[in-house]
Each structure stands twice: as C-alpha cells, then as structure tokens.
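S.K.: For reference, the chains in residue letters:
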Amino acid sequence: MYELFSQYPFTAAMLALVGLGLVFGAVLGYAAVKFKTEGNPIADQVNDILPQTQCGQCGYPGCRPYAEAIANGEAINRCPPGGETTIAQLADLLGVEAIPLDDEHGEEQPAPLVAYIREDECIGCTKCIQACPVDAILGAAKRMHTVIASECTGCDLCVEPCPVDCIDMLPEPSSVRNWRWEMPAPAEIIATDRAA
Amino acid sequence: MRKIRDFHGGVHPPENKAQSLHGPIRPAGIPPQLIIPLSQSYGSGAVALVEPGQHVAKGEQIARAEGLSGVPEHAPSSGRVAAIEERSIAHPSGLPATCIVLDTDGRDEWIAHHGAEDFRQLEPAALLDLIRNAGISGMGGAGFPAAVKLSVNPANRIETLIINGTECEPYITADQALMRECSVEIIGGAEILAHLLGAKETLIGVEDNKPKGIAALRRAAQGSAIEIVSFPAKYPSGGEKQLIEMLTGKQVPSNGLPADIQVVCQNTSTTLAVYRAVHQGEPLLSRVTTVTGEAVTRPGNYEILNGTPIDWLLQQVGFRQEHCSRLIMGGPMMGFTVTNVAAPITKTSTCLLASTETELPSPPPAQPCIRCGFCSEACPVKLLPQQLYWFARGKEYEKLEDHHLFDCIECGACSYVCPSNIPLVQYYRAGKAQILELRDEHERAERSRVRFEARQERIEKIALARQEKRAQRKAAAEQRAREAGGDGSEQDLIQAAIARSRARRKEQTR
Chain A
1 MYELFSQYPF TAAMLALVGL GLVFGAVLGY AAVKFKTEGN PIADQVNDIL
51 PQTQCGQCGY PGCRPYAEAI ANGEAINRCP PGGETTIAQL ADLLGVEAIP
101 LDDEHGEEQP APLVAYIRED ECIGCTKCIQ ACPVDAILGA AKRMHTVIAS
151 ECTGCDLCVE PCPVDCIDML PEPSSVRNWR WEMPAPAEII ATDRAA
Chain B
1 MRKIRDFHGG VHPPENKAQS LHGPIRPAGI PPQLIIPLSQ SYGSGAVALV
51 EPGQHVAKGE QIARAEGLSG VPEHAPSSGR VAAIEERSIA HPSGLPATCI
101 VLDTDGRDEW IAHHGAEDFR QLEPAALLDL IRNAGISGMG GAGFPAAVKL
151 SVNPANRIET LIINGTECEP YITADQALMR ECSVEIIGGA EILAHLLGAK
201 ETLIGVEDNK PKGIAALRRA AQGSAIEIVS FPAKYPSGGE KQLIEMLTGK
251 QVPSNGLPAD IQVVCQNTST TLAVYRAVHQ GEPLLSRVTT VTGEAVTRPG
301 NYEILNGTPI DWLLQQVGFR QEHCSRLIMG GPMMGFTVTN VAAPITKTST
351 CLLASTETEL PSPPPAQPCI RCGFCSEACP VKLLPQQLYW FARGKEYEKL
401 EDHHLFDCIE CGACSYVCPS NIPLVQYYRA GKAQILELRD EHERAERSRV
451 RFEARQERIE KIALARQEKR AQRKAAAEQR AREAGGDGSE QDLIQAAIAR
501 SRARRKEQTR
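Chains as they are written, first to last, in my numbering: chain A, 1 to 196; chain B, 1 to 510.
If you are wondering where the hints come from, they were derived from the structure by calculation, not from laboratory data. Treat each hint with caution, since some may be false.
Computed cross-link-like contacts, DSS-like style, restricted to lysine-lysine with a CA-CA straight-line distance of at most 27 Å [what the hints assert, rightly or not]:
{"hint": "1", "chain 1": "B", "residue 1": "K250", "chain 2": "B", "residue 2": "K3"}
{"hint": "2", "chain 1": "B", "residue 1": "K234", "chain 2": "B", "residue 2": "K149"}
{"hint": "3", "chain 1": "B", "residue 1": "K17", "chain 2": "B", "residue 2": "K250"}
{"hint": "4", "chain 1": "A", "residue 1": "K127", "chain 2": "B", "residue 2": "K461"}
{"hint": "5", "chain 1": "B", "residue 1": "K234", "chain 2": "B", "residue 2": "K382"}
{"hint": "6", "chain 1": "A", "residue 1": "K127", "chain 2": "B", "residue 2": "K469"}
{"hint": "7", "chain 1": "B", "residue 1": "K432", "chain 2": "B", "residue 2": "K149"}
{"hint": "8", "chain 1": "B", "residue 1": "K461", "chain 2": "B", "residue 2": "K382"}
{"hint": "9", "chain 1": "A", "residue 1": "K142", "chain 2": "B", "residue 2": "K461"}
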C-alpha cells in the first residue's frame with residue numbers, strides 16, 4: 001500500500017483530498033438537514049425592533065411583512081411610528097447607515113395616539129372592528145363599540161372605514177401615573193458667557 | 001459595642017436642624033377642608049368607598065386598597081365628603097390626581113375603635129392585617145406600603161430588624177422630635193415589628209447629632225433586647241442600603257431587597273404608627289412634619305392631619321410670602337419644589353421647607369463637566385456619576401444599565417459636590433424614566449405582535465373553513481347532478497340549477 005502511494009504521489013494526494021471532501025460534505029449535509037433554521041432569523045430580529053403598530057404606513061400589511069422585506073433589502077426608513085429610534089436600532093442590527101425617515105410614508109408623532117370612539121354617535125356597523133389589526137375594538141353589530149385603550153397601537157386604520165366619523169385619535173392624557181422626569185435643558189455656559 | 005462600618009463617599013451639608021427643634025411637637029389643628037389623594041405612595045393606590053354628601057367619622061375608612069400594594073385611606077377628622085375630584089397634589093409633575101375632599105365639622109368625633117389586648121397572642125398574619133388596614137405607608141419619604149415591606153417571604157428568615165432613625169437630610173427633625181417625646185411608643189412599635197418578623201436582633205440606628213433622642217430611646221429601651229446604635233453623621237447614612245451596611249456590614253445586592261440578606265428596615269415614624277395601630281386601633285390619620293425655613297416665622301415640628309392643604313398650614317406657622325423663594329416638599333437634597341400651595345400634606349411628607357433666596361440660592365447655570373471626579377468620590381453607591389452623566393446625555397441606555405444606573409439612590413451627593421453645578425440627579429432620573437418607558441413600549445409591542453398574529457391566524461382559519469365549505473357544496477351539487485342523470489360536467493350543473501329555480505318559481509306562483 002505504502003509503496004503504491006509513493007509510486008503515484010499525485011494520485012494518492014487526489015484520492016486523499018477527495019476522500020476528505022466526501023466525509024466533510026456528508027457531515028455538512030447531515031447538519032444542514034438536522035439543524036435547519038425555521039423561518040428567517042434576520043426577519044425575526046428586525047420584527048423584534050419594529051414597534052408592532054401594524055399600521056401599514058410602510059406599504060406592507062403589518063410589521064411582520066415589512067420585517068421580511070427589510071431582511072430582503074427594503075429601505076429601513078419607512079416606519080413613522082418607530083421614528084428615528086427604530087431606524088437607529090435597525091441600522092445597528094443590519095450594519096448599514098442610519099438614514100432619515102422617508103416623509104412619503106408619514107411623519108413621526110411626538111406622542112403615541114390612542115383611538116377613542118365617541119360612543120353616542122356610534123351606529124354599530126362593525127367596520128372599525130374588522131379594520132383593527134390587533135383586535136382592540138370591542139362591540140357587536142348594531143351595538144355600541146369601544147376601544148380597549150391599553151391594547152390600541154394608535155395605527156389609525158379604524159378612522160378611515162368609520163361611516164359616521166366618530167373615531168378620534170387623541171394623545172394619552174398625562175397623569176401622575178404616566179408622568180416621567182425629563183432631561184434637563186442643556187444650558188451650559190463657559191466663563192466668557194457670564195460677563196455678557 | 002457594635003462595630004460601625006463606613007460606607008463609601010457621602011457629604012456633610014450644613015445641618016440647619018436647630019431652627020425647628022426649639023419647642024415641642026405642636027398640633028397644627030383641623031383645617032376647614034381636607035384633601036386626601038387616593039394615590040399617596042409608591043403602590044397602586046386606593047378606591048373611594050364614600051360618596052359626596054356622606055358624613056364620615058374620624059378614623060372611618062373612606063377608601064380601600066387597590067391591589068396588593070395599595071394603601072387604604074381613613075377620614076383624618078369627622079365631617080362631610082364634599083367631592084371626589086381631581087385636585088392638585090404635591091408631586092414633582094405638578095399634575096392633579098383624584099382626591100377625596102372632606103369638609104370638616106370641627107367636632108373631631110372618633111369612630112369606635114380599640115386596640116389589640118396583647119399583640120404577642122396574635123398570629124403574624126393577623127398583625128400584618130392590622131397594619132395593612134390601618135393604612136400605614138412608609139413615612140420616611142418614598143412611601144412604600146409598610147405591610148408589603150413586612151410581609152417577607154418565609155424562606156428569608158429575618159435576622160435583623162433595623163429601625164431607621166437616622167434622618168440624615170438637612171433641616172428635617174420630625175423623627176428626632178418623635179424620639180424625644182414618644183420614645184416609649186417607638187420602642188413598643190419596634191417590639192411589635194420584631195415579634196411580627198421573628199427577628200433575632202432589633203437595632204435602632206440614630207446619627208450622633210441627636211443626643212437627646214438617643215438618650216430618650218436608651219431610657220425607654222432599658223430591660224428590652226433592643227439596641228440603640230449611634231454613629232457619626234454623614235449624608236446619606238439614612239439611605240436604607242447605607243444604614244444596613246453601616247450596622248451589619250452586609251451589602252444589599254444590586255436589584256435586590258434588604259430581605260434578601262435577612263434584614264428589614266422601617267422608619268421611626270412608621271414604627272410609631274404601627275404602635276398606635278396595634279395598641280390603640282388608630283389608623284394613620286396624621287403625621288409629624290417639620291415646617292421650617294427662613295420664610296416661616298414659627299418653624300417647628302407639627303402634628304398635621306393627612307390631607308391638610310399647604311396654604312392653610314403655612315398660615316398657621318407665620319409664612320412670609322414675600323421672603324419665600326422656593327417651597328420644597330422634603331429636604332433640600334432630595335425634595336422637590338411645590339408649584340401649587342393648594343396641594344395637601346400626605347403620609348409621606350417629612351418636611352415642608354420654605355426657604356429664602358439667601359438661604360437656598362437658586363442653582364447657578366450648569367457649566368461643562370471638567371472631569372474632576374469629585375462626584376465619584378461622593379457617591380455612596382460607588383457608581384461613576386460622570387460616566388453616567390455622559391451616557392444619559394448621549395441617550396446610551398444600554399451603557400447606562402451596564403453602569404448600574406438603577407442602583408442610584410438619587411441622594412444628590414454628586415450634584416452637591418459638583419463644581420460645575422450640573423444637575424446630575426436630574427439626568428439620572430430622566431435616564432431611568434427613559435429606560436423604563438422603552439421597556440414598557442417593548443412590552444406593549446410584544447403584546448401587539450401576539451394579538452396581530454393571533455388575528456392573522458384566525459382570519460386564515462376562517463378563510464380556510466369557508467373554502468372547505470364551498471368545496472363541499474360543489475361536491476354535493478355535482479353529486480346531485482349526477483343523480484339527475486348528467487355526467488357531472490359544468491353544463492349539467494348549470495342546467496340542474498336552472499331547473500331547480502324554475503321549479504321553485506312555479507311553486508311560488510301557484
């Protein structure tokens with residue numbers, strides 16, 4: 001055997017390499033089947049960052065589809081509810097440059113809005129219930145509807161279908177409970193400012 | 001003699017305690033109207049049990065606790081409920097909150113009440129109920145409900161009960177006055193708490209700048225196992241974690257509670273309230289608050305009914321409006337400015353400080369950080385205040401958490417020593433608020449995602465069911481057509497449908 005190898009070193013090397021290739025190929029092939037990742041892990045991570053408003057302002061029917069589109073190379077600046085924070089996080093995750101929000105898809109709201117139904121004007125048509133992407137509206141046909149404020153994402157999708165225009169998008173009222181300390185205004189002076 | 005450990009950092013601001021220690025504790029009286037906020041403290045608040053127009057006796061319960069961390073409220077004096085409405089309260093936000101407004105009748109008539117005959121006969125759970133029903137919240141400032149703090153996991157066998165009589169913040173002398181005048185009750189309260197917790201040792205920690213208070217407590221504690229420990233004054237030795245470290249040498253773990261290291265801390269005023277609740281059956285209706293500052297002509301410690309409006313109180317103590325530059329609830333280090341004097345004094349109000357401009361000058365404008373490092377020398381928690389400051393300004397929340405922002409006790413020692421007058425604590429408070437808000441948002445987003453996905457799934461299921469039904473109907477129709485003699489083709493189906501509708505119409509016209 002040894003003599004044969006030393007007589008035909010080139011063939012021997014070829015055989016060894018092919019042999020190794022076959023073994024590793026088999027291992028990799030087995031691993032690919034055995035440890036197959038379900039779904040798209042990047043889309044999952046992107047979806048985790050998106051605000052889950054499900055408003056569709058990005059042009060996709062919900063956050064999950066937009067996350068999948070981003071994973072396939074869609075622009076990251078189409079989410080107005082997420083705003084600059086979300087864009088920065090996405091840029092960080094995907095290793096791309098943070099770009100300003102695309103105005104075409106809407107503007108960033110300073111405070112999240114919540115839908116309120118003016119209940120005595122509601123005619124009970126259930127159109128808003130069908131429009132709500134997160135099932136946050138309660139009601140039945142010909143019965144008054146109401147929004148579960150804690151579940152409302154402020155997506156705006158219920159306003160358009162309402163035939164009597166009885167839905168208002170209002171900011172959450174500020175109270176002692178949801179009040180937060182604010183950053184102090186940066187009023188830094190240097191020595192020469194004082195004289196002025 | 002117990003070995004006193006030192007904690008890192010700390011500062012020595014001017015004490016200014018003598019002004020309010022001249023006389024004894026005086027009752028402030030009954031104001032014509034009391035305003036009792038339904039959410040006075042850290043917990044979840046209370047739900048009103050009374051209606052406008054209803055007459056209530058002193059000590060009658062007017063609101064029940066909401067959830068486990070709420071605190072019930074009682075009428076501090078007899079009178080008629082005027083309204084339950086939004087009133088401004090003493091809160092850093094200046095926002096109003098729901099309050100029960102009580103018009104007092106001046107008769108101050110008690111509801112029938114009686115204390116427990118022997119608290120040692122009572123089960124810990126029964127004692128805990130007594131304390132919870134008496135509406136006692138922590139009276140040292142933060143207002144954490146006492147009963148919640150005392151209901152420790154039985155797995156944590158409490159070794160040490162510490163009564164916090166440190167009162168390290170300048171100007172405040174309420175606990176000191178109580179120690180001088182009610183030492184017997186404080187010791188009695190400590191005995192109740194020790195019995196309730198099954199604590200092996202009970203310590204009362206007092207700074208050595210209160211010699212009369214220490215002497216009174218030592219006299220009252222003679223013959224009991226309670227030890228009075230005094231130690232050199234340094235701000236913030238009254239911080240729960242700092243006090244525990246000084247007295248026991250143990251450190252409370254980050255994100256942990258004192259109960260994790262078998263220690264429970266209670267404030268002196270709280271201990272007194274527990275004594276009154278158990279022995280006399282009296283709920284917490286009033287507290288001793290220090291009213292002081294140069295803009296007040298009669299500074300001192302006053303026994304003030306819960307809900308007493310600040311403006312009425314100031315009239316009683318000779319307030320000079322024209323001299324007052326700032327009205328602070330709490331001490332000068334950790335207190336906040338009161339914007340509306342119609343707000344009431346509550347169970348957590350330790351001090352009302354009406355200061356003049358010379359006494360507490362308004363902070364000069366902040367200058368750039370020069371990286372002197374004084375703040376990290378002063379920090380009692382061994383944090384890196386200037387690093388935290390940069391991260392907070394840069395909104396680098398992850399780094400803030402990595403640098404243990406949430407261990408900051410907001411004592412203000414760093415801002416006190418800062419030569420550039422940077423309001424450091426404000427940055428940390430805002431940073432904490434931002435992080436909590438982001439967490440909250442993330443949690444909400446997660447919930448929305450789950451709801452969205454559940455809805456998608458349901459819609460798909462309905463669509464699928466509909467499709468199935470359609471397929472079934474089609475199959476049934478084909479079956480019928482075949483039975484009618486056709487070959488089941490589309491033409492036959494149409495013919496069959498036409499025939500059926502004709503037959504129906506004929507029947508109708510007949």
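S.K.: Evaluate each hint against the coordinates.
M.R.: Against the structure, the hints come out as follows:
no. : hint            : verdict
1   : B:K250 / B:K3   : holds (12 Å)
2   : B:K234 / B:K149 : holds (26 Å)
3   : B:K17 / B:K250  : violated (30 Å)
4   : A:K127 / B:K461 : holds (20 Å)
5   : B:K234 / B:K382 : holds (16 Å)
6   : A:K127 / B:K469 : holds (25 Å)
7   : B:K432 / B:K149 : holds (23 Å)
8   : B:K461 / B:K382 : violated (57 Å)
9   : A:K142 / B:K461 : holds (25 Å)
Taken one by one, the earlier hints fail for this structure at numbers 3 and 8, listed in ascending order.
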